[in-house]
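J.: Fit chain B to the supplied structure of chain A, relying on the hints for placement.
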Amino acid sequence: MNQGIDLQGSFVQALIDLGIPAGSAKALWLPLPMVLMLIAATVSIFVVVWLERKISAAAQQRIGPEYAGPLGTLQAVADGMKLVFKEDIIPAKSDPLLFTLGPVIVVIPVLLSFLIVPFGQNLVITDIGVGIFLWIALSSIAPIGLLMAGYSSNNKYSLLGGLRAAAQSISYEIPMALAVLAVVMMSNSLSTIDIVQQQSGHGVIGWNIIRQPVGFLIFWIAALAECERLPFDLPEAEEELVAGYQTEYTGMKFGLFYVGSYVNLVLSALLVAILYLGGWDFPIPIEMLANWLGVSETTPWLQIIMASLGVMMTLFKAYLLVFIAILMRWTVPRVRIDQLLDFGWKFLLPVSLVNLLLTAGLKLALPFAFGG
Amino acid sequence: MFVLSGYEYLLGFLLVCSLVPALALSASKLLRPSTRGPERRTTYESGMEPVGGAWIQFNIRYYMFALVFVIFDVETVFLYPWAVAFHRLGLLAFVEALIFIAILVIGLVYAWRKGALEWS
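Residue numbers (this note's numbering), protein chains in the order written: chain A, 1 to 372; chain B, 1 to 120.
Same shape as in the complex, but just chain A (with noise of 0.2 angstroms):
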């Protein structure tokens, strides 16, 4: 396996040579990555704000937004603009502490699970052991922002859903957890570069989608269900709840809840794309390619091509499974709250636990197609 660019590597060495003492010029790159992906996130809400509204108008036979800049590309940020001006009103009743606070805690763990997403070989903020397990443990805490949110505005509305939204992601916390842990199985690491590696090299069939079909769609209706899209919009569900724990809220504080919801959806899907698409990987083993076309995988000008497209493959992956939210979107019909709770407990929780020991069964049977 190649190593692929280090980026890092040679930024700190580049710094080093123009007379930079190693200490700092490591803290000269830290706040790099981060700041770049942070970037990332805040464009790929405008994109996929912008996606959502065109997708739908297009499914329900309408333009759409067409005057805010070329296609209504520019609408999303007129939103975002119109957000910040808006007057911040807490109610009388409120808690005014915790009122501030519910949407403070709900999108800092969402844009923290960013850490461990990676673009490519190197392209990631830091590839710590727990790897995934770190976001498993970061999207447990955007409940308890929810319910804050919920029970702070003193409003009924507010509290009912608020305590959807929590009991519907716990609900679906286990099913996710398990179904990553099949991964985790195969992969023999938590580290999502390690997941990627296992799966790359083979094109397609080496994919986890194949060996993990269930595992799969486990996880992504269980992640549908915590980023409270259509078919699992329960905790605000218009025509019952208003707008559930965002009822009270206005201005940058509804606008948090906004951007966490779609940041949710963004790395999601990313997640997806690593855990059963691939990653980075190409659908056409690239050695292959590289071999047919007689050159070395190590020539530096293929590997800024391989890293580029590298990244280019994981985004394309992650939107076209935005893209399938969308759509869903407007094709399945909301579920009731007691039909989601029995999914999850009555359907999911035990597929997802035969899945995990069959996982288990099939690498002691067939070591060699399970990462032995």
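Since the hints were derived computationally from the structure, they do not count as laboratory data. One or more hints might be untrue.
[Claimed, not checked] In silico EDC-like cross-links for lysine to aspartate or glutamate, where the CA-CA straight-line distance does not exceed 20 angstroms:
{"id": "1", "chain 1": "B", "residue 1": "Lys29", "chain 2": "A", "residue 2": "Asp88"}
{"id": "2", "chain 1": "B", "residue 1": "Lys29", "chain 2": "A", "residue 2": "Asp79"}
{"id": "3", "chain 1": "B", "residue 1": "Lys114", "chain 2": "A", "residue 2": "Asp342"}
{"id": "4", "chain 1": "A", "residue 1": "Lys26", "chain 2": "A", "residue 2": "Asp127"}
{"id": "5", "chain 1": "A", "residue 1": "Lys26", "chain 2": "A", "residue 2": "Asp6"}
{"id": "6", "chain 1": "A", "residue 1": "Lys26", "chain 2": "B", "residue 2": "Glu8"}
{"id": "7", "chain 1": "A", "residue 1": "Lys346", "chain 2": "B", "residue 2": "Glu118"}
{"id": "8", "chain 1": "A", "residue 1": "Lys86", "chain 2": "B", "residue 2": "Glu39"}
{"id": "9", "chain 1": "A", "residue 1": "Lys54", "chain 2": "A", "residue 2": "Asp79"}
{"id": "10", "chain 1": "A", "residue 1": "Lys93", "chain 2": "B", "residue 2": "Glu49"}
T.: Using the frame of chain A, we list chain B on its own:
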């Protein structure tokens, strides 16, 4: 500096991420209007005068789900090290996990039969 290498990024990123809501809220504070009136701050209840508050004794039907969740969440935490080291542990670990999961499944069946997973 850090015993666990790579985790300094976690701390750094936590700080950077915390800046996002802080900056967003303070930027909005500088820009937005602030007219305060008593009606403006009343609780929304579909345009009616709000009847009572929401901080009342309330039948939280999700309570049982939360209890079952705690059990299964701890179970998955126990299973993570098992899954990571499974390739080195072999058949015995598989049988052990089977027993572990079987006990929990019995618990799930019990909760199910007792109606803890019913929405009623």
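J.: Compare the structure with the hints numbered earlier in the document and write down the numbers of the violated ones, lowest to highest.
T.: none
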